[in-house]
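Construct the entire structure; sequences and hints are all you get.
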Amino acid sequence: MRVPRGLWANPGRMDEWARIEDMPLVRVTVMLKPDLLDSAGRAVADSLHRMGFDSVSQARIGRVVELKVAEVNEEAIRSMASRLLANPVTEDWTYEVVE
Amino acid sequence: MRAAVLQFPGSNCDQDALHALRGPVGIEAEYVWHSETSLQGFDLVFVPGGFSYGDYLRCGAIAARSPIMQAVVAHAEAGGYVIGVCNGFQVLCESGLLPGALLLNRDQKFICEDVWLRAENTRSPWTSGVKGLIRIPIAHGEGRYAAHAEDLKMLNEEGRVAFRYVNAEGEAAEEANVNGSAESIAGVLSANGRVLGMMPHPERACLPLLGGVDGLQILSWLGSA
Chain A
1 MRVPRGLWAN PGRMDEWARI EDMPLVRVTV MLKPDLLDSA GRAVADSLHR MGFDSVSQAR
61 IGRVVELKVA EVNEEAIRSM ASRLLANPVT EDWTYEVVE
Chain B
100 MRAAVLQFPG SNCDQDALHA LRGPVGIEAE YVWHSETSLQ GFDLVFVPGG FSYGDYLRCG
160 AIAARSPIMQ AVVAHAEAGG YVIGVCNGFQ VLCESGLLPG ALLLNRDQKF ICEDVWLRAE
220 NTRSPWTSGV KGLIRIPIAH GEGRYAAHAE DLKMLNEEGR VAFRYVNAEG EAAEEANVNG
280 SAESIAGVLS ANGRVLGMMP HPERACLPLL GGVDGLQILS WLGSA
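For the protein sequence lines, the chains are A and B, in the order given.
Take the first sequence: its position 96, counted from the start at 1, is 96 in our numbering, and no numbers get skipped.
One gets our numbering by counting positions in the second sequence from 1 and adding 99 to each.
It should be emphasised that the hints constitute simulated quantities derived from the structure, not laboratory data.
Watch out, some of these pointers could steer you wrong.
Subject to a maximum C-alpha distance of 30 Å in a straight line, what follows is the list of computed BS3-like cross-link-like pairs (lysine-lysine) [to be verified]:
1) A:68 with A:33
2) B:252 with B:208
3) A:33 with B:208
4) A:33 with B:230
5) B:252 with B:230
Away from chain B, derived, C-beta distances all over 12 Å, residues of chain A [to be verified]:
6) 39
7) 52
8) 77
9) 90
Just so it is clear, the structure is predicted and the values come from calculations on it, not from any experiment.
All C-beta atoms in this analysis are idealised placements derived from N, C-alpha and C, irrespective of residue type, glycine included.
What follows is the structure, encoded as structure tokens:
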């Protein structure tokens, strides 16, 4: 089952819209490897401290990519994650399937 | 020597590169759009700076997967010359032509200033023309070079570190490493020395009008190759 072409250009096709809503969602989370300095995360932690949240010892910022897929193919997801969504040199990734 | 200056959506240093190559360096140079698939007839590929694809996902990530990049990889594997500057360096790392990656600057600020560079070897035409320290501008927010420990070891052992950020005395001191790069690395080479990636902009230091001509120590060999 493929996403019908032209759907985005013609949202009046409500029956096809419904199919995307029914599709499984794959949520890929990408984080910097733990041994790398996350300078943006450090800025956020500093900001939280200035706001009075003393209990925060570290903040790290990642990226979430949500994919709507026609079918859940774990090998394809691993391939997408390692070949584009994450840079394996500097990032680790995990994913979950949200039905 | 004929140069292809790649253009991705969002590249903005392509005109500087073309101007430097055709003018002070004195070689033929043309733009090649990212959706082209052939580099036939070109000896050098110049991957310019900018914000290709708006730095979406990661800097250079989407550009590295553009159609033209397959031809760039084939060109490099066949012994062709490639230089990636700033976003171009990011693209070359994302494409696997060079090890490592470029991360957000240590202090999270975009840095736009002139820096001193020291060439770390003379084995490549990109570095063998550099006599002493050179003054080159940088302009980047994501220029912190990072690589696996084994890759850093390999780069050092194989003489593949091209340039390091240094102070006016030529020392790779911490204050000179403005973006926090691993081992103050500003540029790296491929195993055959023909592919160079560097964060500073040599193409912006080729005209006295722009404040300096030290960039010619990196680029002028092209004019007599």
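Status of each hint after checking the structure:
no.	hint	in the structure
1	A:68 with A:33	26 Å, holds
2	B:252 with B:208	28 Å, holds
3	A:33 with B:208	21 Å, holds
4	A:33 with B:230	38 Å, violated
5	B:252 with B:230	25 Å, holds
6	39	5 Å, violated
7	52	22 Å, holds
8	77	16 Å, holds
9	90	5 Å, violated
Violation of the numbered hints given earlier is confined to hints 4, 6 and 9; the remaining hints are satisfied by the structure.
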